[in-house]
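Visitor: Model the full structure from these sequences, guided by the hints.
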Amino acid sequence: MAVETNQMRKFLNDPARVVKESLAGLAAAHPELLRYDAAAQIIVRKDAPKQGKVGLISGGGSGHEPLHGGFVGLGMLDAACPGEVFTSPVPAQMLAATKAVDGGAGVVHIVKNYTGDVLNFKLAAEEAADEGVKVSSVVIDDDVAVQDSLYTAGRRGVGATVLAEKIAGAAAEAHADLSKVSETVKKVNERARSFGVALSSCVPPASGKPIFELPEGQIELGIGIHGEPGRKRASLGSATEVVDVMVEAVISDLKPKKGAKVLAFVNGMGGTPLLELYLIYGEVEKKLRAAGVEPVRNLVGSYITSLEMAGASLTVLELDEELTGYWDAPVHTPALRWGI
Amino acid sequence: MAVETNQMRKFLNDPARVVKESLAGLAAAHPELLRYDAAAQIIVRKDAPKQGKVGLISGGGSGHEPLHGGFVGLGMLDAACPGEVFTSPVPAQMLAATKAVDGGAGVVHIVKNYTGDVLNFKLAAEEAADEGVKVSSVVIDDDVAVQDSLYTAGRRGVGATVLAEKIAGAAAEAHADLSKVSETVKKVNERARSFGVALSSCVPPASGKPIFELPEGQIELGIGIHGEPGRKRASLGSATEVVDVMVEAVISDLKPKKGAKVLAFVNGMGGTPLLELYLIYGEVEKKLRAAGVEPVRNLVGSYITSLEMAGASLTVLELDEELTGYWDAPVHTPALRWGI
Amino acid sequence: MISERVMDAATITSWMREIDAVMRAERDHLVQLDAAIGDGDHGTNMVRGFEAVVQALDADAGAPPGKLLVLAGRTLVSTVGGASGPLWGSALRSGGRLLGDSSTFEGPQLVEVLGAALASIKDLGTAAVGDKTMVDALEPAVETLRSQLREGTPLDQALDQAAAAAEAGMRATIPLQARKGRASYLGERSVGHQDPGATSTALIIRALQKAVGEGS
Amino acid sequence: MISERVMDAATITSWMREIDAVMRAERDHLVQLDAAIGDGDHGTNMVRGFEAVVQALDADAGAPPGKLLVLAGRTLVSTVGGASGPLWGSALRSGGRLLGDSSTFEGPQLVEVLGAALASIKDLGTAAVGDKTMVDALEPAVETLRSQLREGTPLDQALDQAAAAAEAGMRATIPLQARKGRASYLGERSVGHQDPGATSTALIIRALQKAVGEGS
Ligand SMILES: Nc1ncnc2c1ncn2[C@@H]1O[C@H](COP(=O)(O)OP(=O)(O)O)[C@@H](O)[C@H]1O
Ligand SMILES: Nc1ncnc2c1ncn2[C@@H]1O[C@H](COP(=O)(O)OP(=O)(O)O)[C@@H](O)[C@H]1O
Ligand SMILES: [Mg+2]
Ligand SMILES: [Mg+2]
Ligand SMILES: [Mg+2]
Ligand SMILES: [Mg+2]
Numbered sequence: 080m081a082v083e084t085n086q087m088r089k090f091l092n093d094p095a096r097v098v099k100e101s102l103a104g105l106a107a108a109h110p111e112l113l114r115y116d117a118a119a120q121i122i123v124r125k126d127a128p129k130q131g132k133v134g135l136i137s138g139g140g141s142g143h144e145p146l147h148g149g150f151v152g153l154g155m156l157d158a159a160c161p162g163e164v165f166t167s168p169v170p171a172q173m174l175a176a177t178k179a180v181d182g183g184a185g186v187v188h189i190v191k192n193y194t195g196d197v198l199n200f201k202l203a204a205e206e207a208a209d210e211g212v213k214v215s216s217v218v219i220d221d222d223v224a225v226q227d228s229l230y231t232a233g234r235r236g237v238g239a240t241v242l243a244e245k246i247a248g249a250a251a252e253a254h255a256d257l258s259k260v261s262e263t264v265k266k267v268n269e270r271a272r273s274f275g276v277a278l279s280s281c282v283p284p285a286s287g288k289p290i291f292e293l294p295e296g297q298i299e300l301g302i303g304i305h306g307e308p309g310r311k312r313a314s315l316g317s318a319t320e321v322v323d324v325m326v327e328a329v330i331s332d333l334k335p336k337k338g339a340k341v342l343a344f345v346n347g348m349g350g351t352p353l354l355e356l357y358l359i360y361g362e363v364e365k366k367l368r369a370a371g372v373e374p375v376r377n378l379v380g381s382y383i384t385s386l387e388m389a390g391a392s393l394t395v396l397e398l399d400e401e402l403t404g405y406w407d408a409p410v411h412t413p414a415l416r417w418g419i
Numbered sequence: 080m081a082v083e084t085n086q087m088r089k090f091l092n093d094p095a096r097v098v099k100e101s102l103a104g105l106a107a108a109h110p111e112l113l114r115y116d117a118a119a120q121i122i123v124r125k126d127a128p129k130q131g132k133v134g135l136i137s138g139g140g141s142g143h144e145p146l147h148g149g150f151v152g153l154g155m156l157d158a159a160c161p162g163e164v165f166t167s168p169v170p171a172q173m174l175a176a177t178k179a180v181d182g183g184a185g186v187v188h189i190v191k192n193y194t195g196d197v198l199n200f201k202l203a204a205e206e207a208a209d210e211g212v213k214v215s216s217v218v219i220d221d222d223v224a225v226q227d228s229l230y231t232a233g234r235r236g237v238g239a240t241v242l243a244e245k246i247a248g249a250a251a252e253a254h255a256d257l258s259k260v261s262e263t264v265k266k267v268n269e270r271a272r273s274f275g276v277a278l279s280s281c282v283p284p285a286s287g288k289p290i291f292e293l294p295e296g297q298i299e300l301g302i303g304i305h306g307e308p309g310r311k312r313a314s315l316g317s318a319t320e321v322v323d324v325m326v327e328a329v330i331s332d333l334k335p336k337k338g339a340k341v342l343a344f345v346n347g348m349g350g351t352p353l354l355e356l357y358l359i360y361g362e363v364e365k366k367l368r369a370a371g372v373e374p375v376r377n378l379v380g381s382y383i384t385s386l387e388m389a390g391a392s393l394t395v396l397e398l399d400e401e402l403t404g405y406w407d408a409p410v411h412t413p414a415l416r417w418g419i
Numbered sequence: 002m003i004s005e006r007v008m009d010a011a012t013i014t015s016w017m018r019e020i021d022a023v024m025r026a027e028r029d030h031l032v033q034l035d036a037a038i039g040d041g042d043h044g045t046n047m048v049r050g051f052e053a054v055v056q057a058l059d060a061d062a063g064a065p066p067g068k069l070l071v072l073a074g075r076t077l078v079s080t081v082g083g084a085s086g087p088l089w090g091s092a093l094r095s096g097g098r099l100l101g102d103s104s105t106f107e108g109p110q111l112v113e114v115l116g117a118a119l120a121s122i123k124d125l126g127t128a129a130v131g132d133k134t135m136v137d138a139l140e141p142a143v144e145t146l147r148s149q150l151r152e153g154t155p156l157d158q159a160l161d162q163a164a165a166a167a168e169a170g171m172r173a174t175i176p177l178q179a180r181k182g183r184a185s186y187l188g189e190r191s192v193g194h195q196d197p198g199a200t201s202t203a204l205i206i207r208a209l210q211k212a213v214g215e216g217s
Numbered sequence: 002m003i004s005e006r007v008m009d010a011a012t013i014t015s016w017m018r019e020i021d022a023v024m025r026a027e028r029d030h031l032v033q034l035d036a037a038i039g040d041g042d043h044g045t046n047m048v049r050g051f052e053a054v055v056q057a058l059d060a061d062a063g064a065p066p067g068k069l070l071v072l073a074g075r076t077l078v079s080t081v082g083g084a085s086g087p088l089w090g091s092a093l094r095s096g097g098r099l100l101g102d103s104s105t106f107e108g109p110q111l112v113e114v115l116g117a118a119l120a121s122i123k124d125l126g127t128a129a130v131g132d133k134t135m136v137d138a139l140e141p142a143v144e145t146l147r148s149q150l151r152e153g154t155p156l157d158q159a160l161d162q163a164a165a166a167a168e169a170g171m172r173a174t175i176p177l178q179a180r181k182g183r184a185s186y187l188g189e190r191s192v193g194h195q196d197p198g199a200t201s202t203a204l205i206i207r208a209l210q211k212a213v214g215e216g217s
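The listed protein sequences correspond, in order, to chains A, B, C and D.
Be aware that the first sequence starts at 80, since it is given in the numbering used here, and climbs by one per residue.
Be aware that the second sequence starts at 80, since it is given in the numbering used here, and climbs by one per residue.
Be aware that the third sequence starts at 2, since it is given in the numbering used here, and climbs by one per residue.
Be aware that the fourth sequence starts at 2, since it is given in the numbering used here, and climbs by one per residue.
Honestly, I wouldn't trust all of these hints.
Unchecked claim - Below, computed lysine-lysine pairings styled on DSS-like, alpha-carbon distance capped at 25 Å:
{"no.": "1", "chain 1": "A", "residue 1": "LYS99", "chain 2": "B", "residue 2": "LYS365"}
{"no.": "2", "chain 1": "B", "residue 1": "LYS336", "chain 2": "B", "residue 2": "LYS366"}
{"no.": "3", "chain 1": "A", "residue 1": "LYS125", "chain 2": "B", "residue 2": "LYS125"}
{"no.": "4", "chain 1": "B", "residue 1": "LYS125", "chain 2": "A", "residue 2": "LYS340"}
{"no.": "5", "chain 1": "A", "residue 1": "LYS125", "chain 2": "D", "residue 2": "LYS68"}
{"no.": "6", "chain 1": "A", "residue 1": "LYS99", "chain 2": "B", "residue 2": "LYS366"}
{"no.": "7", "chain 1": "B", "residue 1": "LYS201", "chain 2": "C", "residue 2": "LYS68"}
{"no.": "8", "chain 1": "B", "residue 1": "LYS336", "chain 2": "A", "residue 2": "LYS365"}
{"no.": "9", "chain 1": "C", "residue 1": "LYS123", "chain 2": "B", "residue 2": "LYS201"}
{"no.": "10", "chain 1": "A", "residue 1": "LYS365", "chain 2": "B", "residue 2": "LYS99"}
Unchecked claim - One side only, chain A facing chain D, incomplete, derived with CB under 7 Å:
{"no.": "11", "residue": "THR166"}
{"no.": "12", "residue": "VAL169"}
{"no.": "13", "residue": "SER286"}
{"no.": "14", "residue": "SER331"}
Quick caveat, the hints were computed from the structure, so don't treat them as lab data.
Just so you know, even glycine gets a beta-carbon here, dropped at the ideal spot from N, CA and C.
Guide: So this is what it looks like as structure tokens:
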């Protein structure tokens, strides 16, 4: 094989091109669903813009796959703006995506609450407005690990982003108007909370080095989705103990009403196999019932990741009839598909 | 957290119970599709046995999730027999599964070609016959990395297993008879070839140690799905070079006819993120076209894994109208779903 | 005369107990050997199997030796999985069937029992000596025991030599390239490693010598 | 008198070139700082941005300094992403707008340019001194330059002191707990680390001093 060898445990050609090459592969695999606009570096739903339908776009750094590109398609996103790995995309991408999906009914921007994402989407929304496109931006901030206070940039947007994209996507597909679709994103964000833990760091292709060193037998509690360390480090206990921490953190903050029906989303960070994710789900399900809520819907798998980080996050969404109906509505994207 | 800490980067309670706890979680997450018979340690389709329908079961060591339990459901498997991690299940499990899914039309056993799986399924088939159940066993051996000769146990069963379970599952759902369903499994096996590579080893929960040490910058070529080293080790080149090796190995052995329509399955071994799998698919797609075949269907993701091993495999299936029709038929399982 | 040492159910029970003890002791070593050319589970597989065998026999005390062997074999088949489970499981089953209901047996029958075990392993696994499997340890053990007893060597000495032959066969697997089982997938890379199944087989024969020795 | 040093488009171009050079040189250091309390991309972000700025300016030679600054800002916004892109991008854009079409400018206007840059960063990012951000380096630099020039210090000496003030502000971020940006997610764990954005900001001011010095 090559003389000049790749020192990462990764399949890459040029670290500077990994995002572009991956997007090209995504489009090659799903031509029936989406296209890749390489010039603008955006993934666009094949049949966009749909006249009269509210456009739904999101975006953020890459390295969280399938988020966001893998959620472009029927009943979910109309376009995704992927930045470099763990780096917010730029306003030009968001503006191009906004124009590509505007069917005259306006466009909703789903923005994860990171300073970079927020600032870049803000500049993009201003430019879009200058160009006469109605844009409504909603910030997702569901991570209970971060106190929302004057002393932080506010809570991070994590797992609830996936749920908001699915649910608001269903609303948009049902021809809800601009304010209804953005209200739906807000509603999901208000009724969802998340908490994540890591058992390893991950290696961004650009640096080729782990973002931090986590010795075996240790766990990072309260991580985000950028391979960053968490709020604190502890010694790793049993899965039951870890799930106790996750459920307690989420439920004590969400404060669902007794007997509430919830959606439980057990998400893998990329390097934790399904064998363990289902083991975790089994524990989560028991503990949620013990906490007096009823998991009537669930999602188990690696949907919002930090490259190959070993870890998991729990998101709990308090459902109502409307949200349940939108969740169950047909979706057809590379990463989520049902009802069609 | 716990005083006595877990030295693996894994979410576990007791390594001896990881499989059972994971299966319980799978069943808790998908009660509409399947049930877990803890006594027999098998996963059974919820509505089994279906009178008049051929039963389709498979099984093997655990650690390959979603295979096989994640493929139990409508249009795919009727039951799965999960052994301990990387250890074949025992005949008692296979016998229980066979009886649980026999709707009077007989049962097909899909057996990956590993000595342990083959011998245990053989004993189970004998016992089932003694009990009057018609059983037809088909062995999958699609791995081109192993020469099939007097000097080996024959080719391993890898990626083609997933395709055979989907395609034969559709045939069984369409009420094909016992010989037709087992012929369909054979047909997939004959028309499919696979080749896998690894960029890391993996850590079985029982031993807590990596099966082998692979330094960064090295690649194992011709691996199976049990975290074992491959046929040879080389220095890791670019993704393009690795894909060249995979496509060449598969195509030169499959020898598809010019212009053949194929299904290209890019599978992750568990620890390789989707970002890279799609990058690989982009390369595979170009090279297959260059090799004169047309990828008209594809599957990209981690479907037959080695715990958290970093690596990927390529499976190419030469399609015809019948196989394409069965592939496109509705499927509803935890890991594969479309058309419903 | 020692060579007329009479064996019974207790011999089988203590043989299985000896195996259980030595498999626990050698578990990690067997795992390492299997990790090198297999999938790293042979030690756990054997421990899981023989733990279950010992439990099963305790539950079924008082049965004749043949029945105990059949029970041990069935237990291995239903608890081990992997390649070694059906192979050793069928081996003990056919060995046991051969003893029927007789409550005691002597050296010559022991040879037949081990011969039947070897035959069923070769029949099921289609391996021959030189393929780098458990057969490389078991076949020389059986032949040595048979010839030694024919020459009138006392049973425990004959068993000692059979165990030594198994250990020699085990070591002889090191330079071989595997032709059966997972190790065969490695091609030349299997050369230079001792076969885990041959290793556990040598332990099983040594355990037999101990069990028979104790009883006399 | 040196303090009447007149600057022009060439000053802006060489400033951007100096920044490009120093960001490449400090890239890994900035990555390490960001890896400790952020996400490890600040070095790559700044390099990607200022490489693009230098290319853009080469393409647009001959434009007045204000236009070049606006172009540099737009280029940062459209290439960097992350938090630093919009922040430094808007900063240079508003600094540039302030110069309008005039082909030259002097010390007092330079102060206004940097003041406008600081103002737009604070406006967009809502950070104040002490929040452990680039503001901790930029604000003291601007104030020092303003006061020094008011006291009649020659421009290049004043810039030298401004850069020193930025470096002091950069070091002063070490003991702080971050209140803005990713580092704030770490809570107390952000204490003891130097802020990457404050570090690149100090490099940017030092580069300005170099660029102005060269020209004189
Ligand atoms: N066809 C065969 N015939 C005889 N023995 C075999 C055969 N295949 C494998 N073995 C033995 O089985 C051993 C491996 O057993 P084990 O690790 O428990 O099962 P698995 O290979 O399924 O993980 C090998 O070391 C070898 O001695
Ligand atoms: N709200 C803010 N106001 C001013 N500067 C900020 C703010 N948030 C972050 N920064 C600066 O940005 C730097 C990080 O930039 P960079 O790593 O390029 O972006 P990102 O954090 O999106 O990865 C921080 O070190 C800090 O100095
Ligand atoms: Mg970033
Ligand atoms: Mg095994
Ligand atoms: Mg083994
Ligand atoms: Mg950063």
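Visitor: Which numbered hints are broken by the structure, listed smallest first?
Guide: Result: hints 3, 5, 8 and 14 break, sorted rising.
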